[in-house]
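Novice: Protein chains in written order, with this note's numbering: chain L, 1 to 426; chain F, 1 to 386.
Where hints are given, some of them may not hold.
Calculated from the model, a selection of chain L residues having no Cβ within reach of chain F, i.e. all distances over 12 Å [stated by the list, open to error]:
id : residue
1  : 23
2  : 54
3  : 58
4  : 100
5  : 138
6  : 341
7  : 357
8  : 369
9  : 403
Capping the alpha-carbon separation at 25 Å, the derived lysine-lysine pairs in BS3-like fashion look like this [unchecked claim]:
id : chain 1 : residue 1 : chain 2 : residue 2
10 : L       : 151       : F       : 312
11 : L       : 30        : F       : 312
12 : F       : 312       : F       : 341
13 : F       : 43        : F       : 366
14 : F       : 201       : F       : 289
15 : L       : 393       : L       : 363
16 : F       : 307       : F       : 341
17 : L       : 329       : L       : 360
18 : F       : 341       : F       : 69
19 : F       : 289       : F       : 251
20 : L       : 151       : F       : 341
21 : F       : 69        : L       : 151
Keep in mind the hints are simulated off the structure, nothing from the lab.
All residues carry an ideal CB built from backbone N, CA and C; glycine is no exception.
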Amino acid sequence: MTMATVSSGIAHLEPESVARIGQDLQARVKTELDEVEFDVAPKDYRALCERVFAAGFDYPRCLSGSDMEYGLRVTLHLQQMQSGRKITIRTDLPYEEGHIAHIPTVCDLWGGVEWHEREAFDLVGIYFTGHPDHRRILLEDEWTIHPLQRKYSTRGYEIPTWASKPFPSPSPSEDGFMPFGVASTPIPIRVPVAPVAAAPAAEAAKVVEVAQVAAPAAPPAAVAAPVAPAAEAPKSSKVKRWNPGGAATEPSSEAAPVQAVAAPVAPAATPAEGDAPKSPKIKRWNPGGAAAESAAEVAPQAAVSSPVVEAPVAETPAPVAAAPVTETKRDDYNIIEGIGPRRSEALYTAGHTTFAQLAKLDKATLEGIMTAAGVALEPGIESWPEQAALLEKGDMAAFEAYTVALKGGKLDKPKSSKIKRWDPKG
Amino acid sequence: MAATANPANAVLNPTSLERVEGRSDEMLINLGPQHPATHGVLKIVLGVDGERITRATPHIGFLHRNHEKLEEVRTYQMCIPYTDRMDYVSGMQNELPLCLAIEEMLGIDVPERSKYIRTILFELSRVASHLVWLGTYMLDLGAITPFLYAFRDRELILDIIERTAGARLLPNYFTFGGIRRDHHPRMMDDILEFLDFFEHKLPEYEALTIDAPVFQARTVGVGVLDPQMAINHGVSGPNLRGSGIPRDLRKDDPYDAYPYLDFEVCVELGCDAYSRSRARFREFYESIKIMRQAIAQYPKTGPILPKLPRLKPAAGTERYRAAEISRGELGVYLIADGTEKPFRSKHRSPSFCTLQAMEDMLVGSKFSDAIAVIGSIDIVLGEVDR
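Please model the entire structure based on the sequences and the hints provided.
Specialist: Pasting the structure below:
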């Protein structure tokens, strides 16, 4: 058989006409030489694939599933055998209950993606509805986890929440379209530790923000503003030891007293100070980073708009916002220098759940609790009540200044003036 | 679609060995995973009705190591040795797609000299890989002598690779921007010497193997994979070219020194096991042609590595890049997060895709042809399971 019988006589498609394939779908197109890229909403994924198939893209090169930390992504690489034209279709699926996602299968169009879809299910946790043979392909059938999800370490254990990084918030494009259509039910997956009451509000604001971005009619300032606090808030509470932005933290929070409520938010506002050096530590991909800078430009607006975005918090049924209100108040002791998950658990079991309670304890009591729980004692235990007292007051600036000087909970005295220690603050 | 092409699949869970209603004489035969003819640990559950194969379900994953997860916690540079271990028959070829992807992401210009050396070694690996196929396929079909010849010649290639890269099977030689170190001073002479020897032997092998009447009787009209099906299943490489599709990434998506070299895409129109074998055998001649040209043209002196930037592709960038290895299109899909480690790296391996078409090739043919079909698509299980 010759080539003529293979190709079905499809006209040579120009990139522009290929791009027009998805015109009335919720899709974003990028054309580059002879390659066309589509970012499509999950609801239109199947429809777009059918059109692309009908347009003669008959060769499946690759289908990859990947965990993007804000959802799961399906990427489909196709080629038109006759012309050699390539096309990429991407869709980002929000997490569903159990860290998985569903998407219609396309293996009835391209038989070659059948095993790729099984692999994406097996390793990443994407379920392809309508797949004829939806079994695990590489791992055993009894396997319970999807190991290529980012929450698992290479050893297969789940990385605990307190050790995981804040996930990047997806960046809205200039046309306000999100590649994944989280229009109706945004599902927050990772609950960041909340040092003070402002943090849940920031998280809730983020939920609201996601919903707003999905609606293109929302004013851009209100959309962009809360992105920065939400993306940075958990980070600032985590970075204790070495915080180059810390110097800038205090002046900025003083300069903008409106934002003092959201104390951990302050580092995000550092670009507002002008040429504040960007933290070299924060290298992880943060698609919201661009938005953070634009947020700094409209900082006063952000302050103004924050009550606006806080307003729907009460109605939002997000578990994050609801948790501190409904349950017994339980402060996160992990923030305290020297306390980790085991020690905080020991304190919770001993009946101490708030910073106020911890602030009242003395060294002997604490040691008693730790010994009873079988946790090793370490020097510096006496600094916990002091830290807790600062946290109770909500004085984050003082707390950070205090903990910077601590090492494992112990006040770190300079050993010798001869050994010059590197001061990150200069 | 493989699973619905065969009605038996609709009623059967392919894992179970239960009988099908109304087909009392169907027998299930478990071929593999420890069978020499499966070329590794591949298990195929074959349903046979008398002599006819009614269904065939490949089971893979016995060699799964999840390189993709391991690569997520390693730098790009540290990922290269992992790619070697995917297709251990032609380890050097596996390194190239990753190198190409990073070079394109970061805009690294590979020096001319490295391009040629990579091309020469790429083709040398192709010969080494096809020799394994030739030897083992003939062994599957009952001919022992070609196996000895093929491995004798492959040994010479491995010696050349060892002298240059330091390892025989897992060389870890290509790198981002070129090659890791300069080749052995005598490498080109060795290769030319080998090519003279091999070219002299090839007609003999051809007469002994694919021109032999017994071989043709076993393979002509066996394991037919029609072109539509081959395209739809994402089959690539000599298997696709054996079905009449002239697709070769060395021509379509040229990389390294291939644009400067003159060679032919070996297409056969028979769509059966014989055509696939013939397409693969003709690539011996093409590879020799490519290597001779490249050795004549390549710059004898010059840099092998450019000044490299930090190997940190910008956050959010992604790239799919593929190269034509012995078995077809080996692609790598990278998503970068701005660090020196890949956020996600997925390998599209040609054998994995080709194996999906196995059921369509096998169903309807005689049971004794199953081995002839499995051998003709030249799979390496290390690459299927990754």
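Novice: Now tell me, hint by hint, if it's right for this structure.
Specialist: Here's how the hints hold up against the structure:
Residue 23(L), annotated as away from the interface, keeps every beta carbon of chain F farther than 12 Å; the closest lies near 24 Å. Non-interface call for residue 54(L) relative to chain F: holds, since the shortest CB-CB distance, roughly 14 Å, exceeds 12 Å. In this structure residue 58(L) is not separated from chain F by more than 12 Å, as the shortest Cβ-Cβ distance comes to only about 5 Å. Residue-level check passed: residue 100(L) sits 17 Å from the nearest beta carbon of chain F, beyond 12 Å.
Taking the minimum C-beta to C-beta distance to chain F, about 4 Å, the non-interface status of residue 138(L) is violated against the 12 Å cut. The beta carbon of residue 341(L) sits about 22 Å from the closest Cβ of chain F, which is more than 12 Å, so the claim that it is off the interface holds. For residue 357(L), the condition that its CB be more than 12 Å from all CB atoms of chain F holds, with the nearest at approximately 40 Å. For residue 369(L), the shortest C-beta to C-beta distance to chain F comes to about 37 Å, beyond the 12 Å cut-off, and the non-interface label holds.
The beta carbon of residue 403(L) sits about 27 Å from the closest Cβ of chain F, which is more than 12 Å, so the claim that it is off the interface holds. Simply put, residue 151(L) and residue 312(F) have alpha-carbon atoms about 23 Å apart, close enough for the 25 Å limit, and the pair holds. Straight-line distance between C-alpha atoms of residue 30(L) and residue 312(F) comes to about 23 Å, which keeps the hinted pair within the 25 Å bound. For the suggested pair residue 312(F) and residue 341(F), the alpha carbons sit about 8 Å apart, so the restraint of at most 25 Å is met.
Annotation: proposed proximity of residue 43(F) to residue 366(F) holds, straight-line Cα distance about 18 Å (limit 25 Å). Taken as a hint, the residue 201(F) and residue 289(F) pair is honoured in the structure, with Cα atoms around 15 Å apart against an allowance of 25 Å. Proposed proximity of residue 393(L) and residue 363(L) is supported: the alpha carbons are some 21 Å apart, at most 25 Å. With a CA separation close to 20 Å, the supplied pair residue 307(F) and residue 341(F) stays within the 25 Å bound.
Note on residue 329(L) and residue 360(L): the hinted pairing holds, with a Cα-Cα distance of about 17 Å set against a maximum of 25 Å. A hinted pair counts as satisfied when its Cα atoms are at most 25 Å apart, and residue 341(F) with residue 69(F) qualifies at roughly 11 Å. Note on residue 289(F) and residue 251(F): the hinted pairing holds, with a Cα-Cα distance of about 15 Å set against a maximum of 25 Å. As the CA atoms of residue 151(L) and residue 341(F) are separated by approximately 16 Å, the hinted pair is consistent with the 25 Å bound.
Restraint check for residue 69(F) and residue 151(L): satisfied, since their Cα atoms lie roughly 11 Å apart, inside the 25 Å limit.
In this structure, the hints that do not hold are numbers 3 and 5, in rising order.
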